Amino acid sequence: AQTVTQSQPEMSVQEAETVTLSCTYDTSESDYYLFWYKQPPSRQMILVIRQEAYKQQNATENRFSVNFQKAAKSFSLKISDSQLGDAAMYFCAYRSRQGGSEKLVFGKGTKLTVNP
Amino acid sequence: NAGVTQTPKFRVLKTGQSMTLLCAQDMNHEYMYWYRQDPGMGLRLIHYSVGEGTTAKGEVPDGYNVSRLKKQNFLLGLESAAPSQTSVYFCASSYSHSQAFFGQGTRLTVV
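Line by line, the protein sequences are chains A and B.
Sequential numbering of the first sequence, starting at 1, is according to the numbering used here.
Sequential numbering of the second sequence, starting at 117, is according to the numbering used here.
Source of the hints: derived by calculation from the structure; they are not laboratory data.
Incorrect hints may have been included.
[Stated by the list, open to error] Straight-line Cα separation of at most 20 angstroms, PhoX-like style, residue types lysine-lysine; simulated pairs:
#	chain 1	residue 1	chain 2	residue 2
1	B	K187	B	K173
2	B	K173	B	K186
3	B	K125	A	K103
4	A	K103	B	K187
5	A	K73	A	K108
[Claimed, not checked] Selected chain A positions facing chain B (Cβ under 7 angstroms, derived; list incomplete):
#	residue
6	L47
7	R50
8	R63
9	G107
10	G109
[Stated by the list, open to error] So these bits of chain A aren't anywhere near chain B, every CB distance computed over 12 angstroms:
#	residue
11	T3
12	V4
13	Q6
14	Q14
15	E15
16	T20
17	T24
18	S28
19	Q39
20	Q44
21	E52
22	S65
23	F68
24	Q83
25	L84
26	S96
Since we're looking at a predicted model, the values are computed, not measured.
Glycine is no exception: its CB is placed at the ideal position from the N, C-alpha and C atoms.
Based on the provided sequences and hints, a complete structural model is requested.
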């Protein structure tokens, strides 16, 4: 079974600085998707960024980028120029591409605090 | 376009009572999921469905049942609620090979 591990329960960053959130996963599959979701206090789950395992290029969305290391099964999220609105829980998630069994599995989350 | 809608938003149950949580999506998604979120535990998959009429167990299925009689609806049932089922429940839906879209969550308290 696939598992996702986020080893940092909490992180903090100064406004305008850069922070990196860690995520590792365990799988025997070669083709899959990885996601980072943000959950602000409103409780809404918001997609931050996605990465297809077959793509070697790291995904980027404005201030958010990932460092995808397939061999190491690592998928970290870098937030540049942190803003107060980035404060939230961040969840790393894995999705299989095996048709008919596309479970979406989450890590336990990292609570990010942004200090003014 | 409503997206994913969960009903109800909040509920308090007494131990032993039963209830059904409804998830409705209007995006014609094949896949639907039910998760529970507890402090420090992240989102844990309860059950999921890969299409109308099909369901499968996730990580923590005990004490829950599901049904997907219509493609747009995914129901989560608690037959005999226990305090350990106090949690926030999330429904999500997606196409194959795509991101999941989430509902707003249901806060359930079992006393």
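Verification of the supplied hints:
1. K187(B) - K173(B): Satisfied, since the Cα-Cα distance of roughly 18 angstroms is no more than 20 angstroms.
2. K173(B) - K186(B): 18 angstroms, holds
3. K125(B) - K103(A): Not OK: K125(B) and K103(A) at ~25 angstroms, beyond 20 angstroms, violated.
4. K103(A) - K187(B): 17 angstroms, holds
5. K73(A) - K108(A): 17 angstroms, holds
6. L47: 5 angstroms, holds
7. R50: 6 angstroms, holds
8. R63: Interface hint status for R63(A): violated (19 angstroms vs cutoff 7 angstroms).
9. G107: 6 angstroms, holds
10. G109: This hint holds: G109(A) lies near chain B, its Cβ roughly 5 angstroms from the closest one there, short of 7 angstroms.
11. T3: Answer for T3(A): violated, closest chain B Cβ roughly 10 angstroms.
12. V4: Check fails; 8 angstroms does not lie beyond 12 angstroms.
13. Q6: Check fails; 8 angstroms does not lie beyond 12 angstroms.
14. Q14: At roughly 25 angstroms from the nearest Cβ of chain B, Q14(A) sits farther out than 12 angstroms, so the non-interface label holds.
15. E15: At roughly 26 angstroms from the nearest Cβ of chain B, E15(A) sits farther out than 12 angstroms, so the non-interface label holds.
16. T20: 19 angstroms, holds
17. T24: 14 angstroms, holds
18. S28: Non-interface label stands for S28(A): nearest chain B Cβ at 18 angstroms, farther than 12 angstroms.
19. Q39: 9 angstroms, violated
20. Q44: Incorrect as stated: the minimum Cβ-Cβ distance to chain B is 6 angstroms, not above 12 angstroms.
21. E52: 9 angstroms, violated
22. S65: 17 angstroms, holds
23. F68: 16 angstroms, holds
24. Q83: 23 angstroms, holds
25. L84: 23 angstroms, holds
26. S96: Not fine: 10 angstroms to the nearest Cβ puts S96(A) too close to chain B.
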